[in-house]
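Number of protein chains: 2
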Amino acid sequence: MKLNFEQLGDLAVGAAFLGTGGGGDPYVGRLMVQQCIHEGCEVEVIDPQSLDDDSLVIPTAMMGAPTVLVEKIPSGQEAVASLKRLEKRLGRKADATMPIEIGGINSTIPLVVGARLGLPIVDADGMGRAFPFLEMETFGVYGISGSPMAVSNEWGDCALIEAVDNRQMEWLSRAVAIRMGGCAYIAEYAMSGADVKRTAIPNTLTLAIRIGEVLRKAHEDHQNPIEALLGFLPSTLYRYGRVIFKGKIVDVMRETKAGFTMGRARIDGIAPFSSSMDIEIQNENLVARVNGEVKAIVPDLISIMNTETAEPITSENLRYGQRVTVVAVSVPDIMRTPEALAVFGPACFGLQEPFTSIEELA
Amino acid sequence: MKLNFEQLGDLAVGAAFLGTGGGGDPYVGRLMVQQCIHEGCEVEVIDPQSLDDDSLVIPTAMMGAPTVLVEKIPSGQEAVASLKRLEKRLGRKADATMPIEIGGINSTIPLVVGARLGLPIVDADGMGRAFPFLEMETFGVYGISGSPMAVSNEWGDCALIEAVDNRQMEWLSRAVAIRMGGCAYIAEYAMSGADVKRTAIPNTLTLAIRIGEVLRKAHEDHQNPIEALLGFLPSTLYRYGRVIFKGKIVDVMRETKAGFTMGRARIDGIAPFSSSMDIEIQNENLVARVNGEVKAIVPDLISIMNTETAEPITSENLRYGQRVTVVAVSVPDIMRTPEALAVFGPACFGLQEPFTSIEELA
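Keeping their order, the protein sequence lines are chains A and B. Letter by letter, the first sequence follows residues 1 to 362 of our numbering. Letter by letter, the second sequence follows residues 363 to 724 of our numbering.
Derived by calculation from the structure, the hints in this document are not laboratory data. Glycine included, each C-beta is placed from N, C-alpha and C at the ideal position. There could be a bad hint or two in this list.
[As the list claims (entries may be wrong)] Beta-carbon label-pair distances, calculated as ranges:
hint : chain 1 : residue 1 : chain 2 : residue 2 : range
1    : A       : W155      : B       : G654      : 32 to 42 Å
2    : A       : Q49       : B       : L452      : 52 to 62 Å
3    : B       : Y602      : A       : V164      : 42 to 52 Å
4    : B       : R628      : A       : K248      : 25 to 35 Å
5    : B       : G505      : A       : A258      : 28 to 38 Å
6    : B       : Y602      : A       : I73       : 46 to 56 Å
7    : B       : I435      : A       : R264      : 48 to 58 Å
8    : A       : S357      : B       : K619      : 22 to 32 Å
9    : A       : R254      : B       : T671      : 52 to 62 Å
10   : A       : I73       : B       : A704      : 48 to 58 Å
11   : B       : D695      : A       : W155      : 29 to 39 Å
12   : A       : D165      : B       : G631      : 46 to 56 Å
13   : A       : Q77       : B       : W517      : 45 to 55 Å
With the rest of the complex left out, here is chain A (with noise of 0.2 Å):
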């Protein structure tokens, strides 16, 4: 499938919405997709069951913190730079790039990679939302190593990471994205064909098309984007989905610490809501509590959302006064096994709560 404007801005939209608050921007990605194009290039997206089992699939990404994206815009060259590393490194061509995350901006960059290389892009990841954490990886739960590992900037500086295990490469390149300037873009978890079968998300690329166009569809419609939304999600592998909070935004902790947009939103309930709900940030949503009972934790979604337009709104972007619905979402069951929450589960970001599903929560 050859993607077209429109499906972009579907993307962006779709992608902020898995991105639950992290992923960056997705504009940005945007705006560098629609770059390409008017350039002539086009952008590929497979289907990862078209995958040869002994194919080469090099995923890209931005890593870093959301807040430094929006200021520090890449050329595109990066994550194509780190790919050509890996390449190297391996000594294979790439048959096809794919996401690492679905979320926000990385959800774009391989449409980039891909359309500058003329190399497809698998429709699927391996955290089939956004985590800003490299480990975080369906991947690394079912086996993948993510090194070697290619971290490129806008200078022309790589490099490569050999790591032990998944969380020494994060650890490891982390320190590097952080002395790059806060974001870098990055080649990880090179796996073949038959990998990207047994351990990716599938089809969660197309699915972020689909979640935008009947938001978009919604509003032409003058129907309720959230409504439609929810009633369209139970024939995706995100079965259930709920509004768990609207109000109205009126406070905002933010930081870039350690290479992470860290932070804490408040809202304050509208009707039928009362009390506040508290949003706990690590360039993603991770919990949501009213009166610290939980009311939706990671891996789930937790996606805030403009209560006008249904815009779904990143972390960066949080601002006092805006009026907000927050929507809960459960993830695919591969997500959700133990091997995946003792990788993505609550207890991984310090939480002392442990996962309960969004459905039972209800």
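Got chain A sorted already, so can you dock chain B onto it with the hints?
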């Protein structure tokens, strides 16, 4: 020349002197080399002039805070791993290894690597002393790229840094070294035999051994070791040295920060020296002042020696109450050119004062 145990002891002392406080405790390095010799390995030191022009030399070293090194003892395999990683990257086996600095443990790390791999160690280095930053190499001053560089730890992690210049190499690799626990083991500035002859400071390993020997023999002969040393220096590239202060350490401020040992020491004078000397430290002793007046400044050597034993004291071993003699020594001409001072002169450490040679300051 095959090094023996006595020479190792002399080297540890001489390297601590040339390290001007930095480079890490040579005692640790000495034990590592002794262990190699015990196991039957040979430590063969060769003259740079004996290198074939097209041979490949890969220098090896520790990088990080000396304060960390004394608690986190290396196994010796870390630097071997870095050299092997560079060999793989360059597609060629090394013909020899070499120190990047002659100070402290970094005079002995290449001996361990050479002994383990059966490689000769070139009798030369790129600092002629110790410096805290990796770009501060005569290699780099005279055109050699530090990249590609390998950084390894004791776990088996490795980062290959390919930076656009040697300052970026330092900047990025330092972040990795910090996350590896504050010290790491590296291979960098891979170069041809011709480039070693052109850019290295020659015969500094044997110089360090000779310095240790001069101090030891003076002891044995019941002569003043420091006077013996000052009498010996004019026959070397380090032509001029003198005692610039004598006293008691009355204050030491020291912290491990940003991957370095940062600090300050105050020495109260003992007659004929009055007032106090303040020494500023970044791993190494950078500048010695009395009442704000410079008495010696980087890159000239400032070595703090135990007045009783004439043992050089490294930064992490400075203690209240030590009776010390401060010796300043001129560095070789190759280290005082405008190009060299632009890379490791006082301004490179944020010092306000210009470089004034110890001869002029007399």
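For each hint, the structure was consulted:
1. Taking the beta carbon of each, A/W155 and B/G654 are about 39 Å apart, inside 32 to 42 Å as hinted.
2. In this structure the supplied range 52 to 62 Å is violated for A/Q49 paired with B/L452, their Cβ-Cβ distance being about 41 Å.
3. For the pair B/Y602 and A/V164, the supplied restraint of 42 to 52 Å holds, since their beta-carbon distance comes to about 49 Å.
4. The hinted range of 25 to 35 Å is not satisfied by B/R628 and A/K248, whose Cβ atoms lie roughly 58 Å apart.
5. B/G505 and A/A258 have their C-beta atoms about 37 Å apart, which keeps the hinted 28 to 38 Å range intact.
6. For B/Y602 paired with A/I73, a C-beta distance near 54 Å keeps the hint of 46 to 56 Å intact.
7. Checking the proposed 48 to 58 Å range against B/I435 and A/R264 shows it is violated: the Cβ atoms sit about 42 Å from each other.
8. Taking 22 to 32 Å as the suggested C-beta distance range, the pair A/S357 and B/K619 does not conform, at roughly 45 Å.
9. Between A/R254 and B/T671 the C-beta distance comes to about 57 Å, which sits within the given range of 52 to 62 Å.
10. For the pair A/I73 and B/A704, the beta carbons lie near 33 Å from each other, so the given range of 48 to 58 Å is not met.
11. The hinted range of 29 to 39 Å is satisfied by B/D695 and A/W155, whose Cβ atoms lie roughly 34 Å apart.
12. A hinted range of 46 to 56 Å for the beta carbons of A/D165 and B/G631 is consistent with their spacing of about 55 Å.
13. Separated by about 33 Å at the C-beta atoms, A/Q77 and B/W517 break the suggested range of 45 to 55 Å.
In this structure, the earlier hints numbered 2, 4, 7, 8, 10 and 13 are contradicted, and the remaining ones agree with it.
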